[in-house]
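Top to bottom, those sequences are chains H and Y.
Under my numbering, the letters of the first sequence match residues 1 to 115, in that order.
Under my numbering, the letters of the second sequence match residues 1001 to 1115, in that order.
Check the hints yourself; a few may be wrong.
Some chain Y residues judged to face chain H by a derived CB distance under 7 angstroms, without partners named [to be verified]:
| id | residue |
| --- | --- |
| 1 | E1041 |
| 2 | G1042 |
| 3 | L1043 |
| 4 | Y1048 |
| 5 | E1052 |
| 6 | F1106 |
| 7 | G1107 |
| 8 | P1108 |
What the hints contain is simulated information worked out from the structure, not anything from laboratory work.
Glycine residues also receive a C-beta, built at the ideal position from the N, C-alpha and C atoms.
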Amino acid sequence: AQSVTQLGSHVSVSEGALVLLRCNYSSSVPPYLFWYVQYPNQGLQLLLKYTTGATLVKGINGFEAEFKKSETSFHLTKPSAHMSDAAEYFCAVTEGGGSNYKLTFGKGTLLTVNP
Amino acid sequence: NAGVMQNPRHLVRRRGQEARLRCSPMKGHSHVYWYRQLPEEGLKFMVYLQKENIIDESGMPKERFSAEFPKEGPSILRIQQVVRGDSAAYFCASSPRPGQNNEQFFGPGTRLTVL
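Just chain H, with the same shape it has in the complex (with noise of 0.2 angstroms):
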């Protein structure tokens, strides 16, 4: 079975700094790596995804993750914070196969903005 561990239940960084949230995986089939947010009173957005190929994915509002598959990584990063990405985050991953609509979620990581 999947799973999906995110570090750090709340990560608090200043306006401007860097963003790094943490995302470890397991999967016994090649995995797809989805990073979701969710902001207060609405539904999961997706941020981005690694499928194949290019291994640093970028997303929206300048986000970008790096799958590592010697690390089991997916890492969430963005060079400047801005006080509207104050959110929830959330790692996922699906299994392969014929279940691959399947998505398991990391427990997600709270993310405030100071300014």
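Use these hints to put chain Y onto chain H, whose structure you have.
Showing chain Y alone in chain H's frame:
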């Protein structure tokens, strides 16, 4: 184009009552997925439905829970005889086609509280 709609947004039930959660997918989407987020946990897959068919209910509790997606109208997640452990956020997602290459679009969720 309206996003995925869920209602009610908040639902309070007493132990033993029934809870009915509704999900209207995005226009043109015929695939619906339900996820549950227990407190301090990540979202967990419950069930995948197409119109009038349950494709995968491997994440559904064996008793008291059922789901449907009729030919007309929203998808319904039904919980009979609710218990305190059912208190959670229930998220619905939809996609035009299944598979990890097709993004799942999430609704804002229904927060169920069982007294």
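Going through the hints against the structure:
| no. | hint | in the structure |
| --- | --- | --- |
| 1 | E1041 | holds, 6 angstroms |
| 2 | G1042 | holds, 4 angstroms |
| 3 | L1043 | holds, 4 angstroms |
| 4 | Y1048 | holds, 6 angstroms |
| 5 | E1052 | violated, 18 angstroms |
| 6 | F1106 | holds, 4 angstroms |
| 7 | G1107 | holds, 5 angstroms |
| 8 | P1108 | holds, 5 angstroms |
Of the numbered hints given earlier, the model fails hint 5 alone.
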